[in-house]
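**Student:** For reference, the chains in residue letters:
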Amino acid sequence: MKITSSLITGFRRTLKAGNSILIAWFCILILVLVFAYPLRSSLRSAFGPSMITEKFAEGINIEAFTDLGPAFKSLMSFLTAGFLFTFFAGFFLNAFLTAGLFGSVKKNDMKFSSREFFSSGAGNFFGFLLISLIMSLIADAVFLLVVGLPAGIASGSETISDKTIFVMLVITGAVYILILPALFLVVDYARAYKTAREDASLFGSIGKGFSFTFSEFRKSYGMMLLLVLSQVALGIVVILILPGWKPVSGGGVFFLFIVSQLMFILRLFLKTWRYASVTAMMNEITSEKVTVNKIYDVIPT
Amino acid sequence: MKIRLVLIIVLSNVFLSLHPQIVNKKALSERITGYKIDVRLNPDKKTVTGDMEAFWVNKSPDTVPDIRLHLYMNAFRSNRTTMYREMGGSPGNDEKDLGWIEINSFSDENGTDLIPCMQYISPDDGNKDDRTVLRVLLPRPALPGDTVNIRVNFETKLPSGIRRTGFSGDFYFVAQWFPKFGVYEPAGMRFASQGGWNCHQFHATSEFYSNHSVYDVSITLPSNHVTGSGGMLISEKTNGDMKTVTYRAEDIVDFAWTAWPGYAVFTDKWKGINITLLIPKDRIRQTGRQLTSVKYALEYLDINVGQYPWPHLTFVDPPSFGAGAGGMEYTTLFTSASSYFVPPFLHMPEMVTVHEFGHAYFMGMLASNEFEEPWLDEGVNSYWEQRIMDNYYGKNSGLINHRLLKLSDISSARVSYVTSPSRQAVSNNEYSWNYPHGTYSMISYQKTATWLHTLEGIITTETMNNVFREYYRRWAFKHPSGRDFINVVNDVVRKEHGQKFGPDMNWFFDQTLYGTGICDYQVSRIINSKYSKPEGKADTSDSEIRAWSNTDSLYTSKAQLERIGDVKLPVTVLIHFDNGDEILELWDGKSRYKDFEYKGYRQIEWVKIDPEYLIKMDVNFVNNSMTTEPDRASLHRIANKLVAFMQFFLSIMLL
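Protein chains in written order, with this note's numbering: chain D, 1 to 301; chain Z, 1 to 655.
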């Protein structure tokens, strides 16, 4: 069992699941547009025929927004409520889409079928939802324990210097970042297991997630680290390109939209690659165990 | 009368010889008060104990029966003091948390015990639990020209959990710690209709109004403590575990000092001025930023207002556990606020440094009354801070300069004023503790700065600079009032602009400083209608019809403007036509509405009121302009980026 073989297998499966990725992209786009489109109309309505929008040529202009007065408050309420709604709706949608994506990459010989995607999504929806919920809570608890608690204790001290607090935050933050791939492994293994065995119980799957993660920890962690790094690399590219890009013409703005969506599709591709690679690794771990068991079966005692 | 005059001169000379010039060659101020203090810091008890000799010269024509002194450390005595009643909270129940000052002995130059003549008074609110003002009835009233000398032995307990002053561990920031004279105002000075002491209690929002004084201060404290003060270090003598530092300060309104073993000391120089920075040892990476910003402030105020006259300047960046001492001003000593890590794009530490340094001018040299006219102190200083920040750190990025977000310091102040729901609750003309609904900061700092920027927009930057140069020339090391400032504005504007703005600028101050109205101008409509030929029984002459030969492309274009707010200010209006023509109109802004109408082979494309955004008082810049062809690209760009941000956010946050 090698990291590269899992990654290559995962990559092949991800390529075959291209249509599933597009479905996921489309669903998320629709969800976000439900929030963003009315917001865009509100912005247009709030600024009306004013030329203050010229000030946006250099980016967000706080003064221009705050001058909207009550309209600004409405916009902020809309933004906050819309953001929360999208996040919570996204949580549910994510469970469905992730289940569909795992279903699309569970085998090597999978051929795209939207029916398979949706049936996997529907079949494992609740399982995935609860796994995500539990693992998110675990991730939050780990964050509080590793980063929040030391920071809270330190900031309450009357004599500790801000350098010490800063260094401590950097170290605890780094520790948390190193823990994150392990948490990703647990949740991905749990979901891959649930996809492979639909009759598996929720906690049984999470237990398997931990079991798979730590049975071949170094290989699993190494693979996950590479996958996460690829996503981080994309993130850096996105941060370098998108926020500072300020087209002024309609055509330029449309091009920005296309590029941003292509980047997001690439992000989904990398995420699916993660799912597929973890699934492939799980398959390999399972098959090795089966082989070992078979060998033990034939050894005379 | 002559004898008295001679006596005054002789006494003054005798007195001045006791305080020879050390810091500056010539005295910068009238020496009305002076202090010689010798104290010892007890690091276990957190007390400062010692003796003080001080004088007050009665320069007024009045016979004064008493003296009044600030005992501001008593503000930390209980939660019933005026300061705590105003700001809420409590200094705590534990003796170690409290702050107070006790007078152990009080006598005059003849040794007469004045303790029986002492009385705590509360001139501002009658609060009997407040002991921050002490009245001492003199055995013999002070006649004009008399010098009242006092000798006081006092013990000051520093409060814990620093709020401006106090201690945290072995960090000390010692301000408002000794008995300090109030200001005796004879009739005619500022608002005084009759002579009397101006000696306010310690309030949550104000603490400064004093005479420029001479300070000779000796402090004995543990030798491992690094010290700094508003004075010049004269000597430092170590004796075992203790050391005695002696400072001399001249012509400053207050004396504060700090001591902490954790300070690193950095020095720099600007045009002969020795700059000393005390900064936590683990924060030295901020040194460059701090020193650069203070030199920017020195340079800008030197050029545009007046000279910084002292050869020394000390500023302190307190440690995080002493952050309550940050952002304070004691003329030649001030405190900034930073931390170990502040991103370079965020200029908050620089802003605090520039602001607090600026107080050396506004309240330090130009010693206005912070209690009664906080705008003249904090507001004017904020105005200059914002100009300095935006000048040196970027016109649009004085406060935040990140590629994703930029914010100028001027805009930040304006936003604070514009977005406040209480912006019309009260005018600037209030005592500091009378601002309702938490409006003190917004009105005193931000609204003042905003209308000063507006004034600059109207009378031009050069005239504004000349106003402050003249204000400095007339009032440095004196006690100006708001009226004095307005008089300077009127004189300078009249000199430079004649009658362009009327006989004086009072109309401006009546609306902005003394008024509560808002300023808001808007373009309500652009009308481009085809010129209609005269029909029917019109009296139009044939020549007029012939003059407009092609009426098909002839338009009557109209820009309709309105004044929504109550404040009336002159504004410029830029009108742009579809053939590229532009007309700059001037509107006095007085009427409720104004139409600009044009006839020709062109249509109005857009209209901008105040196209340079100079009238910062205008609470809504959005309605200042209108176009017939709105450009939506920037809004769509924002929406598209929001879509992408949400997508990535969901994808990252959801496992």
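Be a bit skeptical, because a hint or two may be false.
[Stated by the list, open to error] In the DSSO-like style, the derived pairs of lysine-lysine whose C-alpha atoms are separated by at most 30 Å in a straight line are:
{"#": "1", "chain 1": "Z", "residue 1": "Lys-25", "chain 2": "Z", "residue 2": "Lys-478"}
{"#": "2", "chain 1": "D", "residue 1": "Lys-246", "chain 2": "Z", "residue 2": "Lys-269"}
{"#": "3", "chain 1": "Z", "residue 1": "Lys-558", "chain 2": "Z", "residue 2": "Lys-530"}
{"#": "4", "chain 1": "D", "residue 1": "Lys-163", "chain 2": "Z", "residue 2": "Lys-281"}
{"#": "5", "chain 1": "Z", "residue 1": "Lys-25", "chain 2": "D", "residue 2": "Lys-55"}
{"#": "6", "chain 1": "D", "residue 1": "Lys-55", "chain 2": "D", "residue 2": "Lys-246"}
{"#": "7", "chain 1": "Z", "residue 1": "Lys-395", "chain 2": "D", "residue 2": "Lys-55"}
{"#": "8", "chain 1": "Z", "residue 1": "Lys-478", "chain 2": "D", "residue 2": "Lys-55"}
{"#": "9", "chain 1": "Z", "residue 1": "Lys-45", "chain 2": "D", "residue 2": "Lys-163"}
{"#": "10", "chain 1": "Z", "residue 1": "Lys-594", "chain 2": "D", "residue 2": "Lys-55"}
{"#": "11", "chain 1": "D", "residue 1": "Lys-73", "chain 2": "Z", "residue 2": "Lys-568"}
{"#": "12", "chain 1": "D", "residue 1": "Lys-2", "chain 2": "D", "residue 2": "Lys-73"}
{"#": "13", "chain 1": "Z", "residue 1": "Lys-243", "chain 2": "Z", "residue 2": "Lys-36"}
{"#": "14", "chain 1": "D", "residue 1": "Lys-55", "chain 2": "Z", "residue 2": "Lys-36"}
{"#": "15", "chain 1": "Z", "residue 1": "Lys-96", "chain 2": "D", "residue 2": "Lys-163"}
{"#": "16", "chain 1": "D", "residue 1": "Lys-73", "chain 2": "Z", "residue 2": "Lys-269"}
{"#": "17", "chain 1": "Z", "residue 1": "Lys-295", "chain 2": "D", "residue 2": "Lys-163"}
{"#": "18", "chain 1": "Z", "residue 1": "Lys-478", "chain 2": "Z", "residue 2": "Lys-26"}
{"#": "19", "chain 1": "D", "residue 1": "Lys-163", "chain 2": "Z", "residue 2": "Lys-269"}
[Said to hold, decoys possible] Which residues of chain D face chain Z? A partial, calculated answer using Cβ under 7 Å:
{"#": "20", "residue": "Ile-8"}
{"#": "21", "residue": "Phe-11"}
{"#": "22", "residue": "Leu-15"}
{"#": "23", "residue": "Lys-16"}
{"#": "24", "residue": "Asn-19"}
{"#": "25", "residue": "Pro-49"}
{"#": "26", "residue": "Phe-56"}
{"#": "27", "residue": "Leu-169"}
{"#": "28", "residue": "Glu-198"}
{"#": "29", "residue": "Pro-243"}
{"#": "30", "residue": "Ser-249"}
{"#": "31", "residue": "Phe-255"}
Since the hints were derived computationally from the structure, they do not count as laboratory data.
Quantities reported herein were computed from a predicted structural model and do not represent experimental measurements.
Note that the Cβ used here is the ideal one computed from N, Cα and C, for glycine as well.
**Student:** Decide, hint by hint, whether the structure agrees.
**Tutor:** The hints, checked one at a time:
no.	hint	result
1	Z/Lys-25 x Z/Lys-478	holds, 19 Å
2	D/Lys-246 x Z/Lys-269	violated, 43 Å
3	Z/Lys-558 x Z/Lys-530	holds, 11 Å
4	D/Lys-163 x Z/Lys-281	holds, 10 Å
5	Z/Lys-25 x D/Lys-55	violated, 52 Å
6	D/Lys-55 x D/Lys-246	holds, 12 Å
7	Z/Lys-395 x D/Lys-55	holds, 13 Å
8	Z/Lys-478 x D/Lys-55	violated, 44 Å
9	Z/Lys-45 x D/Lys-163	holds, 29 Å
10	Z/Lys-594 x D/Lys-55	holds, 26 Å
11	D/Lys-73 x Z/Lys-568	holds, 27 Å
12	D/Lys-2 x D/Lys-73	violated, 55 Å
13	Z/Lys-243 x Z/Lys-36	holds, 18 Å
14	D/Lys-55 x Z/Lys-36	violated, 57 Å
15	Z/Lys-96 x D/Lys-163	holds, 27 Å
16	D/Lys-73 x Z/Lys-269	violated, 48 Å
17	Z/Lys-295 x D/Lys-163	holds, 26 Å
18	Z/Lys-478 x Z/Lys-26	holds, 16 Å
19	D/Lys-163 x Z/Lys-269	holds, 28 Å
20	Ile-8	violated, 24 Å
21	Phe-11	violated, 19 Å
22	Leu-15	violated, 19 Å
23	Lys-16	violated, 21 Å
24	Asn-19	violated, 18 Å
25	Pro-49	holds, 5 Å
26	Phe-56	holds, 4 Å
27	Leu-169	violated, 9 Å
28	Glu-198	violated, 20 Å
29	Pro-243	holds, 5 Å
30	Ser-249	holds, 6 Å
31	Phe-255	violated, 10 Å
Going down the numbered hints, you'll see the structure goes against 2, 5, 8, 12, 14, 16, 20, 21, 22, 23, 24, 27, 28 and 31, while the others check out.
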